[in-house]
Structures are given as C-alpha cells and as structure tokens.
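Student: Here is what each chain is made of, one letter per residue.
Protein chains: 2
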Amino acid sequence: MSEAKKHVYSFEEGNKDMKQLLGGKGANLAEMTSLGITVPPGFTITTEVCDLYYKSGRTLTSEVKDQIAIKLNELENKMGKRLGDANDPLLVSVRSGAAASLPGMMDTILNLGLNDQSVLGLATKTGNPRFAWDSYRRLVQMYGDVVMEVEHADFEHILENVKDTKGAKFDTDLTTEDLMEIVRRYKAKILEVKGIPFPQDPLEQLSGSINAVFGSWNNYRAVRYRELNDIRGLIGTAVNIQTMVFGNLGEDSGTGVCFTRNPSTGEAKFYGEYLMNAQGEDVVAGIRTPKPVTALEEQMPEIYRELVDTCNRVEQHYKDMQDMEFTIQQGKLYILQARNGKRTAAAAVKIAVELVGEGLITKDEAILRVDPNQLNQLLHKQLDPVAKTQGEVIARGLPASPGAAVGEVVFTAAEAFEKAQSGLDVVLVRIETSPEDIDGMHSSKGILTARGGMTSHAAVVARGMGTCCVAGCADIIIDEKAKTLTIRDKGIVIKEGEFITLDGATGEVFNGRLGTMEPELSGDFGTLMGWADEVRKIGVRTNADTPHDAAVARKFGAEGIGLCRTEHMFFEGDRIKAVREMILSNDVEGRTKALAKLLPYQKSDFVGLFQAMDGYAVTIRLLDPPLHEFLPKEEKDIYDLAREMQVDVGTLRAKIEELHEFNPMLGHRGCRLAVTYPEIYDMQVTAIIEAAIEVAKSCPNCGRATEVKPEIMIPLVATTKEFSMLKERAVKIVEEKLAAANIKIAYKIGTMIEVPRAALVADKIVESGAEFFSFGTNDLTQMGAGLSRDDAGRFLKEYVSQGIFEYDPFEVLDQEGIGELIRIAIQKGRSVKADLKIGICGEHGGEPKTVEFCHREGFNYVSCSPFRVPIARLAAAHAAVKDKLKK
Amino acid sequence: MSEAKKHVYSFEEGNKDMKQLLGGKGANLAEMTSLGITVPPGFTITTEVCDLYYKSGRTLTSEVKDQIAIKLNELENKMGKRLGDANDPLLVSVRSGAAASLPGMMDTILNLGLNDQSVLGLATKTGNPRFAWDSYRRLVQMYGDVVMEVEHADFEHILENVKDTKGAKFDTDLTTEDLMEIVRRYKAKILEVKGIPFPQDPLEQLSGSINAVFGSWNNYRAVRYRELNDIRGLIGTAVNIQTMVFGNLGEDSGTGVCFTRNPSTGEAKFYGEYLMNAQGEDVVAGIRTPKPVTALEEQMPEIYRELVDTCNRVEQHYKDMQDMEFTIQQGKLYILQARNGKRTAAAAVKIAVELVGEGLITKDEAILRVDPNQLNQLLHKQLDPVAKTQGEVIARGLPASPGAAVGEVVFTAAEAFEKAQSGLDVVLVRIETSPEDIDGMHSSKGILTARGGMTSHAAVVARGMGTCCVAGCADIIIDEKAKTLTIRDKGIVIKEGEFITLDGATGEVFNGRLGTMEPELSGDFGTLMGWADEVRKIGVRTNADTPHDAAVARKFGAEGIGLCRTEHMFFEGDRIKAVREMILSNDVEGRTKALAKLLPYQKSDFVGLFQAMDGYAVTIRLLDPPLHEFLPKEEKDIYDLAREMQVDVGTLRAKIEELHEFNPMLGHRGCRLAVTYPEIYDMQVTAIIEAAIEVAKSCPNCGRATEVKPEIMIPLVATTKEFSMLKERAVKIVEEKLAAANIKIAYKIGTMIEVPRAALVADKIVESGAEFFSFGTNDLTQMGAGLSRDDAGRFLKEYVSQGIFEYDPFEVLDQEGIGELIRIAIQKGRSVKADLKIGICGEHGGEPKTVEFCHREGFNYVSCSPFRVPIARLAAAHAAVKDKLKK
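Line by line, the protein sequences give chains H and E. Last residue of the first sequence? That's 887 in the working numbering, and every number before it is there in order. Last residue of the second sequence? That's 887 in the working numbering, and every number before it is there in order.
Calculated from the structure, these hints are not laboratory results. There's no promise every hint is true.
Unchecked claim - Dumping the calculated DSS-like pairs for lysine-lysine here, alpha-carbon to alpha-carbon at most 27 Å:
(1) E:LYS732 <-> H:LYS655
(2) H:LYS481 <-> E:LYS633
(3) H:LYS764 <-> E:LYS797
Throw the hints in and build the complete structure from the sequences for me.
Tutor: Dropping the structure here:
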C-alpha cells in the first residue's frame with residue numbers, strides 16, 4: 001500500500017500559511033494553537049477532501065473516513081472524553097471554513113455527540129440538566145434542518161407551540177421538562193417527515209454533518225456569494241471538528257466578538273461586544289442586547305486583560321486588525337476564531353497607514369492592504385447608513401456610477417437643466433440617455449435609466465462626471481408624456497417633482513429623500529496615495545472633456561489627460577446648430593463655413609483644458625462618432641430643425657436616412673470622416689494648436705506662461721495610410737501656426753488602437769509616424785470579440801455565469817483575447833520605436849485588474865474617468881509591489 | 001562628372017524583357033528590330049524619365065534633353081534626313097507606351113517635323129503636295145489639340161467650314177489649296193486662342209510632344225483606366241520617337257492591323273483588316289470599310305507572304321497570339337507594333353490549349369495564359385454582342401453578379417414567384433433585398449436593386465445562385481405602390497410587366513428585350529481545367545444551400561460543400577411560421593415544440609445535399625443570423641403575423657423591439673444563440689445526423705448506399721468555451737443517433753474563424769476539440785477592419801481610390817491586415833494539431849488573388865459560390881505553377 005495522502009490535520013499540525021488546504025478558519029485555529037493560545041482542541045478535514053467528495057459522487061472515501069476516525073480518537077484521548085459517552089460525553093462542533101471567507105453561507109452543526117443517553121450524562125456532569133437538554137434540543141433542530149433537510153419552520157412551529165402552551169415568552173423561560181418535550185416532538189417530526197429517526201449514533205451524526213458541510217459548498221447561496229464577491233479558484237471548503245465550549249454555563253460564562261481596531265473607522269481602539277451566560281447564536285439573535293466589550297474590564301478584569309493581551313498578540317502576529325470570537329466557560333477564556341477583520345474603505349486606509357506607523361508593516365504591505373476598488377466608497381457622496389436601512393427600496397438597477405443622489409424627478413434633459421439653474425436638486429430619469437442629454441446630465445444630481453448596461457451612454461458619461469447613476473432599471477416604466485415613473489408590479493407612481501434617492505453603489509432606488517454624507521478624504525488617504533505614487537511605475541491620466549472634469553481629476557492625482565472626447569463639445573448650446581449646418585452642407589465650402597463657427601468654441605475648450613492641466617500632457621481625440629449622432633431622430637425634432645435650418649423637411653429626412661447605418665459601430669466615423677471630410681479635422685487641429693499657442697504665450701497682463709503638451713489623437717485608424725495622410729495634414733497646419741506665432745511647442749500626433757487591424761499592422765503605423773498609441777479597449781473589445789456593447793447585455797450575463805467569459809469583457813479587460821491583440825500591437829510598435837509611448841483610454845483604464853495588466857505589458861500610463869484616478873493609482877502601486885515580491 | 005544614367009534607348013539597344021523600362025511598345029519594337037524585322041527606326045525615352053518628369057515639376061532635366069538630342073542625331077544620320085529639313089525632312093511620330101497596355105488613353109503626335117518650310121520640301125520630295133499638306137494639316141491639328149490644348153472643336157469647325165464652302169463631302173475631296181487654307185486658319189486659331197503661334201521649330205515641337213505624352217500619363221482617362229483595369233505599380237509611360245512611314249502615298253501603299261489567331265474565337269487563322277492608300281487613323285475612323293487581311297494575298301501576294309511569315313515568326317518568338325500593326329509604304333512592308341493580342345475568354349482558352357498542342361508552350365504556361373477572372377464570361381448566359389451595341393442603356397449599377405437577364409419587371413418577391421410559376425421570365429426590381437425575398441430571387445432571371453454594394457444581400461445571394469444581378473443602381477427610383485421604375489433625370493418610366501434587360505457583367509440596364517447567348521463550355525475549356533486540376537494543390541469546394549446549387553457546383557468541379565448556410569432554409573414556405581413560433585415562445589418547451597416542426601424539413605434538406613455531393617464532404621454551418629431577421633419589419637406584416645400567430649399585436653411589436661439591435665453584426669447571433677437557446681442547434685445537429693444516417697444506409701429498394709462526410713460548423717465562436725460546450729452537446733446527440741442506428745459515419749465538428757478573438761486563441765480552440773477551421777473572411781474583415789459591409793459602401797470607394805486600401809477588402813482579401821489574423825490562426829491552430837483542416841468560405845474564396853493567398857498559407861481548400869468554382873480551380877493552378885517557377 002502506498003503512503004496515504006494526509007487528509008486530516010489536528011490543530012497542532014497546521015499553521016496560518018495552510019489556508020488553501022485547511023481553510024482560513026482551520027489555518028488560524030492551528031496557528032493560534034501553536035502560539036499557545038487557548039483554543040478548544042480539534043482537527044481539520046482539508047479542502048482537498050471537499051473536492052474529492054464531489055468527485056466521488058458526494059461521498060467520503062474510506063481512506064478519509066479512516067483518517068477522521070484516527071484524529072477523533074486522538075481528540076477523545078486528549079480531552080479524556082468519548083463522543084456519545086453516556087456519562088461524560090465529548091461534544092464537538094462541525095464548521096465549514098474555506099480559504100476565503102463566505103460568512104454564513106455554509107452549514108454548521110453544534111453540540112454534536114449528544115443523544116438520548118449522553119444528554120443525561122451531560123446533565124449530571126454539569127449539574128445543569130436544563131443546559132444539557134437545551135443543547136440537545138439545539139442539536140436535534142440544527143441536525144434535522146441542515147443534515148436531514150426537515151423544514152426549519154417545522155421545528156419553529158413545535159417550539160412556538162410549546163412556548164404558547166407553557167406561557168413561555170422567551171426560550172429562556174422554558175423549563176428542562178419543556179425542553180425534553182420539545183426534543184421528543186422534534187424527533188417524532190423528523191421520523192414522520194423523513195421516515196428515519198434522528199441518529200443516536202454520534203459517529204453517524206458526525207459523518208452526516210461532515211457531508212452536509214461539504215454539500216453546502218455548492219448550495220445556491222454559497223455559489224452566488226462567490227460569484228458576487230469574485231471569489232474564484234477555490235477547490236472547496238475545509239471542515240473543522242472542534243471541542244465545544246459553552247458560554248451558557250452560568251454567570252461565570254459568556255461569549256463575544258471583538259475587533260482589535262474599529263472596523264468602521266479604523267481607530268486603534270479595542271472594539272466588540274459580549275453577552276454573559278450565552279452562546280454565540282444568542283449574540284446574533286439579538287434577544288438580549290450585548291454589552292460593549294470594554295464593559296468586561298469591570299465585570300471580569302482578569303479575563304478582560306487576558307483577552308486584550310491575546311488579541312494584541314494575535315494582531316501583532318498577523319500584523320493586521322483581527323476579528324475574533326471568544327467564549328468564557330466557567331471563568332476560562334477560549335478563543336474560537338481569529339481572522340483578519342473586514343472593514344470599511346476608510347478603516348482599511350487608516351489601519352494600513354497606522355500599522356506602518358507602528359512599525360508592524362511596510363509601506364508596500366500597507367498598499368496591498370487596501371483593495372483599489374474599495375476606494376470608490378471614499379470618493380463619492382454616500383447614503384447615511386442609518387437612513388438607508390430605514391428607506392424604502394422601490395426598484396433596483398445596475399450600480400452604474402457610485403455615489404448617492406437625492407432630487408426631484410425630471411424626465412427630460414431640458415427640464416433637468418432648467419430646474420438645476422433655478423437651484424433645485426434633480427434626478428434625471430430617462431429610458432436611455434443620448435449625447436444630446438449631456439447638459440441635462442451635467443445638471444443632475446443623479447441619473448436613472450430604464451435601459452442600458454454598465455457601459456451604456458448614461459453609465460459611461462455619469463462615471464466620467466462622477467455623478468451617481470443607476471442604469472438599466474427594468475423595474476421602472478417611464479411615461480414621458482404623462483411625466484410619471486411607475487414601479488412595475490408595485491403600483492407606485494412617482495410624478496415629476498416628487499423626490500427619489502439613488503444609491504449608485506448598489507443600484508437601489510428609494511422613495512423620497514434619504515440623508516447623505518459627503519466623502520472625507522482624510523490625511524491617511526493622502527498618505528497612502530503618496531506611498532502608492534512612490535512605488536507605481538505607470539502614469540495615471542484622466543479621461544476629461546471639460547476644464548471642470550480636468551480640475552476634479554487633478555485633485556484626484558491625474559497626471560494629464562489621456563482622452564479628451566471632442567464630440568461632447570459639439571452638443572453644447574449653439575454649437576450643435578453649426579454642427580448640423582456642417583452636416584447638411586453639400587460641399588466643402590458650406591462645411592468649412594459651418595466649421596469656422598465652431599472653431600472659437602473648440603479653441604476656448606482647449607484653452608481651458610491646457611490651463612487646467614498646467615503643463616501635463618493633454619491627449620485630444622479628434623471627432624469620432626458618426627455624423628448621424630448629431631441629427632435628431634424624433635419626427636417632431638426633425639420638423640423643428642428643418643424650420644430652424646430653413647431646409648425642407650423632406651430634404652432633412654432624406655439626409656438623416658442617407659446617414660443611417662446598419663452597424664454604426666463599424667461605420668463611417670473616426671478618421672473615416674476625415675478621409676471624406678478633411679475640413680473637420682483641419683478645424684479641430686487648428687483649434688488645438690491655436691489654443692496651445694495662446695496658453696503657452698505669456699499673458700500680457702500677468703506675464704504668466706503655462707507649458708502645454710498637446711497630443712493629437714486620430715481615432716479609428718485601421719490602416720497605415722489613413723494615419724499618414726491625416727498626420728501630414730495636421731502637421732502642416734500645426735507647423736504653419738507655430739511658425740506664424742514664432743513659438744515652439746512640443747506636440748505629438750498619435751493614434752488610438754481600437755480596430756483589430758491596427759494592432760496587426762502596428763509596426764507599419766509607427767513607421768508612418770505615429771508617436772504614441774492609446775488603446776481604445778472599448779472598441780477593441782467590441783470589434784475583437786465581435787460584441788456590440790449596446791446589444792450584448794442580453795447574453796453577456798449568461799456568458800459570465802456559464803464561465804464563457806471570466807468577467808464581463810467590458811468591465812474587466814479580456815486579457816487572453818483582446819490582451820493578445822494589445823501584446824501584438826506593443827511588440828510590433830516598439831520593434832520600430834523602442835520608446836513608443838503607450839497608454840489605454842478605454843473604460844478599462846480605471847479597473848484594477850486591467851491596470852495590473854497594463855503595468856505588466858509595459859504601458860506608460862493608464863487613463864480613466866476622474867473619480868477612478870485614485871483607484872488606478874493604487875492598482876498601479878499594487879502591480880508594482882507584487883512585481884517586487886516576485887523578485 | 002559621374003556616369004550619366006541611360007535615359008534613351010535606340011530600338012537596337014532594347015529587347016522584349018525591358019518592358020518596365022521601355023514600355024510594352026518600346027520593348028517590342030526593339031525586340032523586332034533585333035529579330036531583323038523591318039521596323040521604322042527610332043528610339044525610346046524610358047518610363048523612369050516619366051517618373052523624373054513629375055518629380056521635376058513636369059519638366060525634362062537637361063541630362064534627359066541631351067540624351068534625346070544625341071539619339072535624334074543618330075536617327076537623322078541613319079535615315080539620311082534631318083528633322084525640319086526644308087528639302088527632305090525627317091518626320092517622326094511621338095507615342096506613349098507603358099509596361100501595361102492603356103489603349104487610346106494617352107496622347108500621340110504624328111507627322112512631327114513639318115513646318116511652313118519642310119512641308120514644301122516633302123511635297124517636292126514625294127511629288128505629292130496634297131499628301132504633304134494633308135500631313136501638315138494633321139500635325140497642326142493634333143499638336144494644337146494635344147500639346148497646346150486648343151479645343152478640338154475649334155479645329156473641327158474650321159475643317160467643316162472649309163468643306164462646306166468648297167462643297168467637299170469627305171476630307172478626301174479637299175484639294176491641296178483647301179488644305180493650305182485650313183492650315184492657315186488652324187495656325188491663326190492657335191495664335192488667337194493661345195496668344196502664341198504654332199511652333200515652327202521641329203525641336204520645340206518634339207519637346208512639346210514629349211511633355212504632352214508624359215503629361216497624359218496622369219490625365220483623368222488614363223488614371224481611371226488603370227483603376228478600372230487594376231493596373232498598378234507602374235512608374236509611368238515611356239515615349240517612343242519613331243520615323244514616320246506612310247500608307248497613304250498611293251495605291252502601292254496601305255496600312256492594317258492583324259492578329260495571328262482570331263481574338264474572338266481563338267481559331268488559329270490569320271485575321272485582320274487593312275486599307276490601301278490610307279493612314280492608321282483612317283482605319284479607325286471607319287470612313288472607308290477595310291478589307292479582310294486575307295484579301296491582301298490577291299492584291300499584293302509577295303507583301304502578303306512577307307506579312308504572314310513575319311507574323312508567324314513573331315508569334316513563334318513570343319509564343320503567343322500577336323496583335324500587329326503594319327504599313328506598306330510604296331511597296332515596302334513595315335511592322336509598326338506587335339504585342340500579345342487581347343482576346344475573349346473563349347479565345348484565351350482555345351489559344352492556350354492549342355499552343356500546347358503545337359508544342360510552343362507547356363501546360364503550366366497554358367494555365368497562366370488564362371486569367372481566372374476572365375472565365376466568368378464563359379460560365380453565364382451573355383448578351384448577344386451585336387444586340388448589345390444596339391440596346392438603349394438607361395441606367396448603370398454595380399456589376400454584382402455576371403450573366404444576362406431579360407424579363408418583365410416585378411417589384412415584389414411574391415410577384416416574381418407567381419409570375420415565374422406561370423412560366424414568365426421576370427426581373428425582380430427592389431430597393432434592396434432581404435432574406436424573405438429568397439423565393440422570389442430564385443424565381444427571377446435577374447435582380448436589380450437601387451441600394452447595396454457588391455456584397456449586399458442581393459449581390460451575395462445572386463452570385464451564389466448564378467443569377468444575373470445589377471446592384472446599387474442609384475439611377476433608378478422605385479415606387480413599389482405605383483409599381484413603377486423611374487430612371488432618374490431621363491424621364492423614362494417602366495411599369496410592371498414591361499421588359500428590361502440586365503448585363504450583370506457590366507452593371508448596365510437596358511430598356512426592352514435584348515438577345516442573349518447561352519454559355520458554351522467547349523472541349524478546350526475542359527482540357528484546360530483538367531490541367532489546372534492536375535497541378536493545383538488546394539481543394540475547391542462550393543458554398544451551396546440547396547441540392548440544385550450543389551449539383552450546379554459539382555458540374556463546375558466542386559469537390560464538396562465548404563459552406564451550407566442553414567438560415568436560408570428557414571424562410572421557405574411554411575417553415576418561417578415554425579421559426580417565428582420558436583422565436584415568440586417564452587420557454588424551452590415552446591421553442592422545442594416549434595423546432596420539432598422544422599426538423600423534418602431540415603433533415604430532408606440535408607439528405608438532398610448529401611446525395612448531391614455523393615461522398616464529398618458537406619460542411620453545414622449551424623444557424624447564424626440574429627433572430628430578428630426572421631421577424632417582419634413593416635407595420636402591416638407585423639399585424640398580419642400577429643393575426644396568424646394569434647398573438648397580441650402589442651406583444652409581437654414588443655418582441656420585435658426587444659430583439660432590435662444597434663449593431664446586429666456584433667449582436668446576438670451565431671453560436672451565441674445556441675448558448676442562450678441550445679435547443680436550436682440540438683434540432684439542427686439531429687437533422688444533420690439523421691439525414692447522414694439515412695443516406696449512408698443502403699436503400700431498401702435499390703441497395704445503393706452513399707458515403708457521407710458531414711462536417712458540422714459552429715459559427716461566430718469567439719471563445720474556447722463556446723466551442724467546447726456546443727461541441728460536447730452536438731457529439732452527444734450524434735453519438736446517440738449513430739449508436740441507435742448501429743452505423744459508423746466519419747463526421748467532424750469544427751468552427752468558423754470569423755471573430756478576430758477566435759484567431760488569437762486558435763490554439764486553445766483546437767485544444768478544446770475543433771477538427772477544422774473555416775475562415776469566414778466576410779465577418780473577419782468586418783470585425784477585423786471595423787467595417788460594416790452594409791454601410792462601408794459610402795466611403796470604401798474613396799478609400800480605394802485614395803490608395804488607403806489597395807482593393808475593396810470585401811472583394812479581395814486584405815492580406816496585410818486580415819491576412820495576418822489568418823496567419824496567426826493557422827500558425828496557432830496547427831501548432832496544436834499539425835494536420836488541422838483549413839478552409840475559407842467567405843465571399844473571397846472565389847477571388848483569384850485570395851485563392852493564391854490561401855495556397856501560399858497552406859489551406860486545404862477554398863469554397864466559393866458554384867459559378868466561381870472554375871475560377872477558383874484555375875486560380876489555385878496559377879498559384880501552384882507560380883510556386884514551381886520560383887523553384
């Protein structure tokens with residue numbers, strides 16, 4: 001017989017580094033045991049057994065069973081008690097514990113080992129028959145529910161019935177006899193429902209419980225929790241078999257939970273709560289109000305001191321804030337669990353920074369302690385947590401842009417703008433938004449849409465502006481004419497002017513006004529971000545189209561603009577008129593005349609951006625969307641426009657029809673517009689360089705000159721010649737302007753890499769003069785994977801849940817597929833120009849996993865919406881620290 | 001001073017292999033000179049000078065001028081005459097001549113060297129003053145028009161005016177004095193219009209003419225001709241300066257054109273025509289009817305024998321049919337030009353085959369002699385060439401599918417179907433076609449659409465069916481209600497039931513009925529194709545959706561089906577009802593029930609295909625288009641369908657709205673449908689394998705069993721898991737059916753590579769079980785280059801004319817960009833499975849350049865529409881022969 005694999009570890013045999021094998025709980029119990037901390041003895045069945053359990057058709061192999069029997073025997077010897085012993089039974093708990101925390105999602109069995117005989121022994125031994133029978137009652141109920149799958153309600157009915165009969169208000173009012181009666185009726189119920197009795201054999205109880213815990217690894221709740229919390233790559237849960245200790249053995253017993261620091265604020269103060277004469281579940285049940293753990297100092301000063309000392313020791317050992325469970329059994333302190341405590345973003349930052357101050361961890365470690373995604377919480381207005389629990393959730397949509405918004409409902413962008421002008425807070429409610437709504441969106445505190453996904457227009461724009469947005473809320477029905485918002489299946493109708501509240505971080509929509517809290521960027525935040533900036537290797541820029549956005553982004557640490565989308569500028573105020581005039585012109589002269597009207601606006605836009613960026617590079621993307629986006633779609637709007645432009649409605653309609661595209665994503669847009677109508681880019685390039693010259697020249701009044709670094713970006717390039725033609729034209733204009741102004745400005749002309757073909761001929765594009773690449777990963781994903789962002793919502797969810805894509809490729813860059821295109825483009829591009837500047841400006845640029853990818857692939861910078869800049873900075877630092885660790 | 005570059009070559013210095021440098025004409029004149037054939041002496045200015053001419057701002061460098069002067073001097077010495085000599089002037093012609101033939105597109109000057117003095121000398125020397133003055137008149141007119149850019153009409157007016165005054169009917173009625181008068185008035189006109197006189201200095205005439213010829217290289221006609229005829233990569237035209245000889249010096253003089261074989265039929269008979277006492281332009285002008293060249297045998301037997309001998313010598317020398325120009329000057333034969341003759345497709349085939357028979361060329365050379373694209377002419381019904389010249393062209397569209405069609409105009413597919421059923425010939429006229437029109441398209445002799453490009457639905461389907469189609473005809477306005485077809489700007493209105501004729505090879509639309517000719521696949525065609533099949537390395541399959549198409553393709557030599565599009569099968573007859581029922585079902589049960597109705601239809605489709613292919617592989621693509629394509633779009637049709645399906649109109653409209661996609665190309669289609677609704681592919685796979693079993697089993701009556709090789713192709717795969725999931729499902733169904741039938745069938749399951757991402761993870765897709773790849777180059781181009789086939793028509797033309805794309809990437813595969821994706825996929829795919837079967841099934845599969853690409857990249861086969869199968873076979877042979885030549 002070959003050496004059997006070790007499947008079961010006593011707490012003495014493990015340590016904290018064995019989480020993958022023993023689960024978090026098992027590894028920590030083992031670690032504390034080896035630290036000499038008083039942990040009730042026990043052993044752990046490994047996560048590998050869980051995997052084996054499923055592979056063997058949900059059974060335990062005989063090898064595993066044998067190993068469990070051996071460890072159980074050791075435990076019995078150690079404790080001097082036997083499981084099921086009629087006089088002095090050993091009682092154990094059976095708990096789940098995976099490498100990652102799945103709180104409350106899996107099953108637990110307590111008091112295992114009791115039966116009709118041993119309950120009597122326990123009663124005698126403890127001198128507390130009521131305790132013994134209560135413990136037995138709990139075991140039968142728990143086992144019946146969890147292992148034997150009798151309805152939980154069946155037990156509750158019996159319990160309530162007996163309480164009613166006996167006039168008992170609380171469980172604690174029940175006598176020993178009452179409990180005996182309950183146990184009797186529980187067992188009868190089990191027999192009635194399942195046709196088999198509650199097992200009296202403790203070993204049968206044990207194997208049933210172990211099977212149930214392994215089985216709970218794949219119950220719906222646990223699977224869903226792992227999905228929602230992005231917990232992947234685990235093979236299963238471990239099972240911990242641990243000697244029971246009891247906090248309910250009298251007034252010298254108790255149980256509690258404590259944190260070595262405050263998990264909400266991060267404050268370095270011992271924190272927690274406890275109940276005397278109680279079991280853990282009583283604390284949770286909330287029947288009695290627990291006391292703050294500090295009160296224990298008075299009640300049991302020695303125990304308190306021991307607890308504090310132990311907790312500190314464990315924190316020092318783990319070098320992180322600990323979340324611990326303890327039980328005091330007849331004056332003796334046991335630690336039942338210790339783990340790194342969950343915490344709010346604010347607490348995470350504070351704790352990480354203070355642990356560095358205390359010399360416990362390094363700055364690098366501090367950086368890794370804060371999840372970049374978590375920072376989102378810190379950067380936006382939030383709902384008051386108390387107010388939130390009291391609010392009425394009337395609908396749920398996608399958490400499209402974080403933050404909280406309270407305002408009057410309005411149904412059009414124009415109303416939003418008007419009401420906001422008069423000082424009101426409004427929430428813009430639309431079926432979906434379009435570029436024409438941009439002013440109204442800017443004016444709103446929040447945006448709610450009925451349709452569209454995480455990357456819909458509303459979502460993208462809102463994130464860019466840092467405005468709270470709940471998108472794709474299928475629960476609402478919008479009647480724009482009646483100006484009402486109806487909640488599906490609920491009969492709630494909200495009229496224009498009535499208040500709603502949005503939580504953009506959860507996608508919840510509340511009726512009425514809820515309280516909010518402003519974000520606080522504490523000093524610790526600044527400290528941590530400073531460390532992140534020291535260590536990170538890649539730059540972080542922002543996607544910003546307005547000086548306001550640019551200023552916000554600077555505040556968040558952006559080092560330049562990686563993407564300024566000029567089309568947004570085309571919608572404001574009177575500009576759209578000139579744009580439409582341009583589109584409706586039939587010749588170059590007409591277009592040039594209309595574009596000339598836009599030039600001063602564009603120039604002033606760029607002046608503002610250059611000033612806001614104060615010497616940092618500003619990458620400006622020339623016009624990208626198809627022209628039909630600038631024309632109205634509704635019959636009435638077409639009619640109005642025709643009158644305004646003094647053209648025939650038929651002509652206008654024909655023009656709109658002519659511009660219609662079956663697949664606008666793959667249509668006449670980006671640099672293709674400029675191949676057909678070069679005058680458009682000519683105007684934009686002129687505006688950029690004139691603005692740059694104006695800003696770079698010292699002001700005649702104040703004498704101040706601002707350095708400018710314009711980077712002109714040509715979108716949707718697919719071929720070498722598109723780029724070279726358009727670059728040549730642009731350079732001519734720029735050089736003429738610079739020569740005329742007698743000034744030197746370091747400018748660059750580069751391209752978006754967003755068409756797969758461009759990635760494949762990247763070397764040739766660089767040869768033809770591209771000075772930088774910026775990966776437009778939204779379009780690169782759309783074209784590379786053949787997925788329309790606007791349409792794929794219908795099936796992408798299923799694609800992710802079936803594991804076809806690991807993540808929604810519009811949220812997290814598809815590193816395998818689209819990443820390969822990027823790698824090809826970089827390799828080819830840099831083979832021609834080794835120092836080719838490479839950035840990313842798609843929505844992915846602020847997503848931590850993608851930022852790490854960019855770091856690994858040698859990007860110079862990532863660019864993201866202003867509110868994601870700190871996230872990207874921290875993610876970049878994570879990547880750099882992880883790199884160091886590998887070396 | 002460094003060695004000057006040689007820019008001018010006398011005919012003695014060149015040879016036939018110097019076409020790039022001397023142009024075709026120059027090289028051939030040199031070659032003939034060195035063969036000892038009587039060619040009027042002269043010299044050639046190289047094509048490099050043309051390039052230099054443009055680079056020097058349209059001037060000749062002094063170096064070039066010097067070299068011309070030297071060669072002119074040599075020529076004068078050789079001829080014993082001087083240019084412009086007052087007594088015995090040398091006259092020369094100045095002609096263009098590029099490496100490729102641009103017939104009549106560039107400029108020519110004849111009789112150069114005449115002026116007010118030398119015309120008198122020529123008169124005296126020839127004793128023919130009228131000839132001398134007529135020659136001078138021609139020079140002044142030609143030079144005035146071509147070099148000095150005086151309106152051609154100005155000269156014509158003067159000529160007509162003098163003819164009227166003198167009562168002369170023909171030019172030949174003019175006397176010497178009349179001609180002198182005309183010359184006087186011509187010169188006065190030139191002076192009046194241009195302010196400078198007609199140059200009397202022959203050297204000025206010469207340099208003016210050389211400049212004009214170089215300038216004509218880039219005139220509109222020449223540029224357009226090169227574009228249309230796909231003539232690329234030339235640096236310019238050469239200029240030939242050649243001693244004039246005259247066929248109009250009396251009845252012992254003459255001029256003619258001859259072919260060594262018949263250029264229409266290829267028959268090996270001397271062919272051509274001539275005129276005595278005439279110049280070349282007289283033959284062209286058609287004033288006198290030329291005689292067949294064979295008549296010369298009687299008229300001038302010695303000259304005839306010399307001509308035939310010379311022609312045969314030249315043909316033997318060039319080993320190809322020659323097109324030659326000759327002049328007889330006072331009893332002496334001169335050869336002015338010889339070149340490989342243009343010929344019809346039929347002639348090309350016959351000549352190539354017969355040259356092999358004559359031992360002049362090898363089979364491989366014969367293969368290269370026929371342009372695969374030319375074969376198109378041979379495979380379709382054609383317009384009678386005579387009838388065609390007499391027909392009235394009322395509109396022009398894109399030559400979307402070759403052939404000729406004559407029929408009554410109908411405006412709906414339903415009418416087309418009905419009328420065709422009653423035996424009428426119809427031409428279906430639609431704004432654009434949609435899959436619903438398929439029956440009507442099948443029933444029509446030809447299809448005419450107002451919108452859509454070369455790869456629009458109408459074009460693709462028509463080519464597939466071998467039906468004549470003119471697409472995107474912007475000249476027509478269709479009024480479906482009034483049932484009229486109006487020709488824009490012409491006031492022609494054609495009503496339903498009136499006749500039109502289409503030429504699908506040219507895109508012309510004719511009014512009324514024109515005569516047609518059936519294709520003749522002669523024995524020579526079969527012989528040549530046999531040689532092609534012997535030498536080619538890659539297989540040729542067909543894209544066919546019906547047994548009829550499959551049978552046609554077999555006739556054309558297809559070796560299997562590379563693409564059967566199952567969606568076409570969903571529209572026929574009652575099937576669409578079941579399809580719609582499936583789409584409108586809200587659950588698996590409903591869908592499965594509806595699909596069950598389709599199963600027998602699908603199965604019988606496949607039975608037909610397997611039988612038609614008789615042992616060849618049949619690749620069946622599972623359902624590809626988005627479901628909304630199967631639902632009606634028009635309000636009335638929606639209403640009808642709702643009634644038919646007994647569903648609420650609102651519900652139906654909501655379903656249609658729900659299925660609407662912004663970018664259907666990137667939407668919910670292909671294997672994505674099967675991820676969401678696996679029952680669809682389940683039905684199709686069941687139908688395929690049940691059909692295969694039925695065909696493979698021996699017939700209970702005749703005992704015959706047909707071998708079947710089904711290849712199931714999963715479309716739009718982008719990720720490994722899509723493929724592995726769907727393959728697993730398919731294999732399960734197939735294996736169960738095979739086991740139940742107790743039969744073994746060799747089937748394969750593979751995938752289209754049409755999403756760029758799939759190409760990038762091709763290795764993993766093969767690892768997950770793909771047994772073949774078929775490149776869907778239409779979609780691969782759409783996604784890879786970000787071009788919507790339906791929309792790009794608007795700017796692609798400009799893209800090609802500006803050289804951004806060398807060819808329309810939907811017609812000729814973009815080998816640089818999309819080709820790179822293909823190379824990556826093949827390299828990755830075969831790295832896992834060295835014998836991975838690789839094919840192409842996009843529209844490109846029948847395009848010769850793409851076929852050569854596929855050959856080079858190691859494809860196993862190409863697949864194309866039935867009528868392109870011979871083209872692909874020949875193109876594949878070209879590739880193989882070229883390969884051999886490289887070795």
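Student: Does each hint fit the structure? Answer for all of them.
Tutor: Going through the hints against the structure:
1. Under the criterion of a C-alpha separation no larger than 27 Å, the hint pairing E:LYS732 with H:LYS655 is inconsistent with the structure, at around 53 Å.
2. Between H:LYS481 and E:LYS633 the alpha-carbon distance is near 26 Å, which keeps this suggested pair within the 27 Å criterion.
3. At most 27 Å may separate the alpha-carbon atoms for a hinted pair to count; H:LYS764 and E:LYS797 meet this at roughly 23 Å.
In this structure, only the earlier hint numbered 1 is contradicted, and the remaining ones agree with it.
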